[in-house]
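Number of protein chains: 2
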Amino acid sequence: MKLTILGSSASTPKVNKYTTSQLLKIRNHHILIDCGEGIQMQLRKLKINFSKISHIFISHLHGDHYFGLIGLISTFRLLGRDSDLNIYGPEGLREVINMQLKLSCSWLTYKVIFHTLKSKSQKIVLNNQDFTVKTIPLNHRIYTNGFLFEEKFYERNLNKSKIKEYKLKVDDIKKIKNGGDFFLKDGKKIENSFFLRAPKKSKRYAFCSDTAYYLDIIELISSVDCLYHESTFLDSHSDLAKKTKHSTASDAAKIASAANVGKLILGHFSNRYKNQEKFLLEAKIHFKNVELAIEGTEFDI
Amino acid sequence: MKLTILGSSASTPKVNKYTTSQLLKIRNHHILIDCGEGIQMQLRKLKINFSKISHIFISHLHGDHYFGLIGLISTFRLLGRDSDLNIYGPEGLREVINMQLKLSCSWLTYKVIFHTLKSKSQKIVLNNQDFTVKTIPLNHRIYTNGFLFEEKFYERNLNKSKIKEYKLKVDDIKKIKNGGDFFLKDGKKIENSFFLRAPKKSKRYAFCSDTAYYLDIIELISSVDCLYHESTFLDSHSDLAKKTKHSTASDAAKIASAANVGKLILGHFSNRYKNQEKFLLEAKIHFKNVELAIEGTEFDI
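Protein chains in written order, with the numbering used here: chain A, 19 to 319; chain B, 19 to 319.
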C-alpha cells in the first residue's frame, strides 16, 4: 500500500493548502479518500494519473471533505473516461451530484455507481480479490464514517532453491502450485509449504476523519499498520475540540496507543495554527511513531 | 470600475489555471462574476479581501462557472460574515446550494438572497444608487446570461473658482447644490451648470461568457467601454466552436467591432492551446484594442 496526502487542512482551502483528501494505492487499485475543493488541481500538480481512480470514499458531507467531487466527476467526463467509478458515501451524496449533472445537461461517458452508507455499525462495503474495505463509524456532528482498508493475503511464491534442491519436475511443480504435497521415493511426505516462500505480510490502513475522541473505534482499528486520525486542535483548544466533535493531537495519540497501531499520521489541522510541529510534540507524549500529513507526502504502508 | 481576472480557462482547472471568474469593483461595491472551482484560493493568493463581496452573478450552470460557489459561501460562514449576500443566477442554483448546506447541517451566519434569472430577453436585475446590472441573453447549450454593468452618473462637484469669481454666499451655494440657478443684481440669470465641474464619464462593462457567435448581443452592448467576450477556440477549430456553441477569437473581435466597444478582453481559453498569443493575432485582424484575460491581470475601465 502507498498513501499520498493530497490535502490535510480543516474547514477551508488556502493558498497551496487543500482540505482532506488522500490517494491510496493497493496493488493496482487507485483509491481516493475524501475529496476537498480543488483536489483535481492538486492531483495534476503531484502528477498523479487520476483517470486510474476506480473507487472514491467520502467520510461525510461537510464541504471540506467532498466539494471537489463534482469537479472531478466532470473532469473525468471531459477526459473521455469510460471505466466505472464507484463512490461510497452518506445518503444525499448521490442526489447532490446527480442534481448538478442534470442542471448542466452533462451526460457522463462512464458509469457512476453510488454505494450509499447509512449503517451506524461497522459494515464491509467492498470486498474484491485484492482488498476489503470496512466502515469505521465515527462520532462527529453529522453522520460520518472512517474506512478500514485491508489487503488480502498474497499468493505465496515458489521457493526456487528448494525446488532445485529436490529436483522437482514440471508435474511436481504444478502439484505444488495447486496446493499438493510432495512425496520422496521412500514415500516420505514433504509439506506443500516447504516449497513456498514465507507469506508476505498483508497491510491494513485505517482512515479516521472527522471525529471526537471516541474509544469505540479502538477495537475496530486494533493493530493496523497505519492509522490516520484527525487532530484538528492542540491541547490548548481541547474545549473547542469537544464542542465541535473534533480531536486534539493528544486524543489521536491516545487512540493510537490503545489500539497498538504501527504508525500514526495526524492531519485535518485547524488553520489557526501557523505550523504543525506542536502537533507532533503533544502526540509523542502518548505515542512515539507519529508523523504529520503534509500535502504531497507519500507513506509506504 | 476596476476588473480583476481570477480565472479564464475553459472546462477544467489545472495547476495555477482557474476557470471563469472575475472580480469587478464599482466604487465601493465588490462584485464577483462567475465562480469556478477553487476561486476562494485564488482570491486569497491575490490578497483580495473577499468578505467585501456583496453581489455574485452566475452566467450559467456549467461547472466551470459555478463549482466554487458553495465553497465560497461556506467559507464566508466560517469567517463569521453577517452582511447579506446577493446571488443572481439561473433556476436550480438556489436548490443545489441549499441542498448542500442542508446536508452539512451548516446554518449560515448571514442572509443569502437568491435572484433567479429565467427570462430570455434582457432584464434589469439590479438597480441601486451607484450602478445597474442588466442581463445579456446569450446563445449557449444551456440557459446562459451575460451581464451589463452600468455605472450611474456621478453627482457633479462645485467649481470653486467660479464660485469665488462671482462671490457666491452660503445661501447661493446651497441653492446651486439643490439645482437652482443664480441671478446677478441686474436680474440676469446664470445657469446652475455654470457653477459645476464637467460631469465625470460613467463607465459600462459587458461580460459575455459562454456563447456562440451571436449577432443579437451587438445592440445590447453597443459602445460599452469594455467588453469581455469568450473565445474558447482559434479559427482552426471553428467547427468545434459551432458544435459546442462557443466562439473563436475572430468571432469575439467581429462582435466587438460591430458594437463599437472601447476595449475587448478575450478569455475562456480551451486547455488545448499551450499559449494564448494566437488569440490576440486572430482577433486583431478585426478589432485593434484587444487584450487577454490572464489570471491576476487588472483592468481599469
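Bear in mind the hints are in silico, worked out from the structure with no lab data behind them. Computed from a predicted structure; not experimentally measured. Mixed in with the good hints there might be a few duds.
As the list makes no split between identical chains, a pair holds if one copy fits it or if it spans any two.
Taking lysine-lysine pairs in the DSS-like style, the calculated list, with each CA pair at most 27 Å apart, reads [stated by the list, open to error]:
1) Lys-187 <-> Lys-170
2) Lys-32 <-> Lys-63
3) Lys-32 <-> Lys-195
4) Lys-70 <-> Lys-35
5) Lys-120 <-> Lys-138
Evaluate Lys-32 and Lys-63 at a C-alpha cut-off of 27 Å and name the case that applies: within, between, both or neither. both (15 Å within a copy, 8 Å between copies)
For the identical chains here, do Lys-120 and Lys-138 meet the 27 Å Cα criterion within one copy, between copies, both, or neither? The answer is between: 20 Å across copies meets 27 Å, while 31 Å in one copy does not.
I want to check one pair: Lys-70 and Lys-35. Are their C-alpha atoms no more than 27 Å apart within a copy, between two copies, both, or neither? both (24 Å within a copy, 22 Å between copies)
Intra- versus inter-copy proximity for Lys-195 and Lys-32 (alpha-carbon distance at most 27 Å): Neither way: Lys-32 and Lys-195 sit 54 Å apart in one copy and 49 Å across, limit 27 Å.
Which holds for Lys-187 with Lys-170 at a C-alpha limit of 27 Å: within a copy, between copies, both or neither? neither (30 Å within a copy, 94 Å between copies)
Of the hints listed earlier, those the structure fails to meet are numbers 1, 3, in rising order.
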